[in-house]
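Peer 1: With the hints as your guide, set chains P and C with the ligand onto chain S.
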Amino acid sequence: MCLAMPARIISLLENETAIINLGGVEKQISLALLDTEISIGDYVVVHVGYALTRLDEVQAQQTLALFAQMQSAKEETK
Amino acid sequence: MSGIKRRGALVDVKRGCVELSHGSGGRAMMQLIDQVFLSAFDNELLAQKNDQACFNTEQGRMVMTTDSYVISPLFFPGGDIGCLAVHGTINDIAMSGAKPLYLSASFILEEGFSLMDLQKIVQSMAAAARDANVKIITGDTKVVERGKGDGVFITTTGIGVLAQPINISADRAKPGDKVIISGYLGDHGVAVMSKRENLSFFAPVESDTAALHELVATMIAAVPDIHCMRDPTRGGLASVLNEIAEQSQVGFMIEENTLPIREVVAGACELLGLDPLYVANEGKLVAICKSADAEILLAVMQKHPLGKHAALIGEVVADANCFVQMQTSFGGKRMVDWLAGEQLPRIC
Amino acid sequence: MKYIKAFRDANLAKMIADKIAAEVNDNQPYRLMEFCGGHTHAIHRYGIPDLLPKNIDLIHGPGCPVCVLPIARIDQAIALAELPNVILCSYGDMLRVPGTQQKSLLKAKAKGADVRMVYSINDALAIAQKNLSKEIIFFAIGFETTTPPTAVALLKAKELCLNNFSVFCNHVLTPVAMECLLQDENAEASVQLDGFIGPAHVSIIIGSDAYKKVAERYQKPVVISGFEPLDLLQSILMLVQLINEKSYGVENQYTRAVKPQGNIKSQALMAETLELRSTFEWRGLGFMPNSALQIKSAYRDFDAEYRFPLQMSQGQEHKACECGAILRGVKKPQACKLFAKACTPENPLGACMVSSEGACAAYYAYGRIK
Ligand code: SF4
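Chains as they are written, first to last, in my numbering: chain S, 1 to 78; chain P, 79 to 426; chain C, 427 to 796.
Check each hint, because a few of them may be wrong.
Stated by the list, open to error - Mimicking DSS-like on lysine-lysine, the simulated pairs with C-alpha atoms at most 30 Å apart in a straight line are:
no., chain 1, residue 1, chain 2, residue 2
1, C, K582, C, K722
2, P, K226, C, K529
3, S, K74, C, K428
4, S, K74, C, K445
5, P, K273, C, K560
6, C, K431, C, K685
7, C, K535, P, K220
8, C, K767, P, K252
9, S, K74, C, K431
10, P, K92, C, K556
11, C, K445, C, K685
12, P, K386, C, K428
13, P, K411, C, K763
14, P, K198, P, K226
15, S, K74, C, K480
16, P, K213, P, K198
17, P, K226, C, K535
18, P, K273, C, K431
19, C, K556, P, K273
20, P, K411, C, K722
21, P, K273, C, K535
What the hints assert, rightly or not - Pairwise CB distance ranges (calculated):
no., chain 1, residue 1, chain 2, residue 2, range
22, C, A694, P, R274, 43 to 53 Å
23, C, N511, S, E14, 25 to 35 Å
24, C, N557, P, S150, 26 to 36 Å
25, S, I40, P, R224, 43 to 53 Å
26, C, K767, S, E16, 44 to 54 Å
27, P, T144, C, P735, 46 to 56 Å
28, P, G94, C, L702, 51 to 61 Å
29, P, S146, C, K584, 44 to 54 Å
30, C, P475, P, E223, 54 to 64 Å
31, C, K722, P, S150, 32 to 42 Å
32, P, G94, S, E37, 46 to 56 Å
33, P, S278, C, K584, 23 to 33 Å
34, P, D129, C, A768, 43 to 53 Å
35, C, P475, P, L422, 19 to 29 Å
Think of the hints as simulated: they come from the structure by calculation, not from any bench.
Backbone N, C-alpha and C define an ideal beta-carbon position, used for all residues, glycine too.
Just chain S, same shape as in the assembly:
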C-alpha cells in the first residue's frame, strides 16, 4: 500500500511547496505535512504529491552499513 519514494529537494517554493528530483524527473510537491525544517539537498519520502517525512540519511547509512557488516562478517567465516 501507499506507493512512496525517496526524492531529493532541489528547490523550495512559496506556499509550503518544493520541487523534487527523482532520477532526473522533477515534480512540484507539497511540504504541508512536514513537522521538520527542510533545506535543499534533503531527501523526502513522497506520496500522492506530498512529502510525508524527511528521510533520515544518517539512519539510512546505518542500515546500509549494517548490511555491509553482515557481509564482511560472513566473508571472514568463509
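Peer 2: Showing chains P and C with the ligand alone in chain S's frame:
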C-alpha cells in the same frame, strides 16, 4: 510550391480556427486544403487534385497498412501527432522488411481548432515524410462539431514494396532465437505523460518518434533471415513479446539487467507506479533472429543512429503456456504478463 | 536514484537470506503476516519466497486500501459520479474496481459520467477552482498514509470557501484492523500468526509506537519494515530472531523514515478535520468499530456524505469470490475456484484482483510460473 494554383482569398491561418464550412466541400474547404495541406505536402501526384492518386508499382510484393492517431496532448516533447502519424505507419510497413513508398492522410478536425496548430501539425507531417523519402499522395478532411472530437484525429494508410523474397512474421520465433531491442525503452510514453494535465511533471526526455525503415534496410542487408520484427508502441515491449509468444506458440526469457532504460524513465515509473516494460515507444523495434545471426545483427544496428543503444535482451524458449518471463536483476524470475486495461498511475 | 537502488542489491539479499536460513529452527513454523499490500507486491516482484526456508510462511494481510473498501461504498461512489453536474475525481487505483454487477467507475465514465483520474488530491482542488459551476467530489481512500493530504485539502477548501468541492471520505485505520485479525485468532477457521511485518509508510505518519498496544496485548512481535527487498529480508530476519527468543513488542527496521511518535503535524491535521466513525465495513473483515474516519461537523460543507443523498447499497459480491478469506489470511488465492480462470486482471471479479497490490493480482502476475 510548383504546380499548385491558389484559388480565391487566403485563409487567415494566424488567427483563424477550423469552422464547419471547412469540411462542407465548398470554397472554404478548397482554400484550406490548398493553403495548409497541398503547399506542405507538395508533390506531383497530390498536385493533380484528383480524388485518388495513380502510380506505377515496383517489382515485388506490395505491403499495405493503416493506423489512426489520437493523442493527448497533440504536441509533446520530441514531436506531435503529425510526425507520429507518418512515422507510425512507415514503421508498420517497415516491420515487414518492405520499403515504404506512399501514404494517404485523412483528417478529422474539431470545429474551433486553431489553424495555426493545424498548420504546425501538417508541416511536421510533411517534414517527417520528406525526411523519410515517402510521399503523401492523397487525403481527406472532415470537420466535426465542437465537442465531438479532440482537436485532430489523423488516419494514415501506407503502401510499400517488398522486393526480396523474405518472410518476417510474428509466427516465426523458435526456441533458441535471440531477442534484440533497438534502443531505450519507454521514452515516448514518459515524454507524453509528463505533459498530461493531471500528472504534470518535468522529465528531460523526448519522444523517440522516428521512421525506422532505413535501420530495417541495413538490418536486412546484413541478416536477410530475421524471423520476427515489431515496433513496441502502445503496451510497450511486454505486449509485443506476449503477442509474438502467442502467435509463435513459444515463451520468452528476458534479462532485466540488459534492458536499456534511461534513469529518468525509470524514475518517472517509480514515481507513478508504472512498469517501463509496458510504456509506449514510437521509434523502437524488437527483432528476433537465429542465435547465430544475433551478433552480426546487433553490430549493424549499433552502427545506425537509430540503433546506437540496441541490446540483446533475451531469448525465445519452448513453453506450452506461452509465458513471457524475466530474470530480474534481483535474482528471481517473474512473469511479464499482458497488460490489464490501460496502465493507470497508482498510489498503492 | 539514491536510497532506492542500494536497497535492491541481489548479493546482499542472498547474504541476508543465508543468515535467515542459519537462524530458523527447522521444526518450527514461522507464520508471518505482511500487513501491507506494498509488501505483498514487493515480495512477489522480487521473488522473496524463493529465498526463504520452507517453514517461513508469508501470509498476505488486508493492507491494500483498494481491496478492503466494501462494495457498497464503490456502488455509492459510482452513483455520486452519475449525478448531474458532478465531476468525480479519484486515484488511478480506484477506477477499475468492480462494484455490484461488475460496474466500475471506468464503466460509468464510458457511459457519460465525468470521472477523472488524479495523482494528488491537490489536482482535484485545482479542478474545483477551474470549474466553479460544477460539483467536484473527491473519492478519498487509503490508510493513514493517504489521509493527511485529504486533511490538508479540507482545510484549504474551507480557507478558499471552495463550496463546489467535497470529499467522499473512506479513510481507514491500520492498527484497528490488525487487532481485529488477532482477536479472531481463536475463532475457528482463522489465521494463526507468529508475527507481523508492519506497515512502512503508514508508520511514517502514526509512528511505530502506535502498534505497541496490540503487540503487547496479543504478545506478538511486529517489525516495521521498508518496502524495498532488502528491507523486507532484514525485517524477516529480525522477526525470526524475536520469535526464537519468544519476545514480542514493536521493532523498527525502517528507521530512515519511521520515528516512534510518527509525524506529529500530520496527526494534528487529521485530528483537526477528521474523527472516528463509530463503525465501518471492511471487505473481508466485516464491520469493525472505530476502524475508519469521517469528516468533522465543522467541515460538513465539504463532506459529500452530507451534501448528496447517498444511495443505500447492499453491495453484492460475486458468490464464489474468496476475497474475504484471502484478506483475512485464511486462504491463498489459488484456493479460489475463479482464480486465473474466470477472474483475471482483465476481468476482475473481486477486489483482490484489481489493485496490483491485491493478493490475487500479485499471485497472478508473479506467481503462476511455479
Ligand atoms: S481470484 Fe478473483 S474471485 Fe477469487 S478471491 Fe481473488 S479476487 Fe476474488
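Peer 1: Hints broken by the structure, by number, lowest first?
Peer 2: 20, 22 and 24
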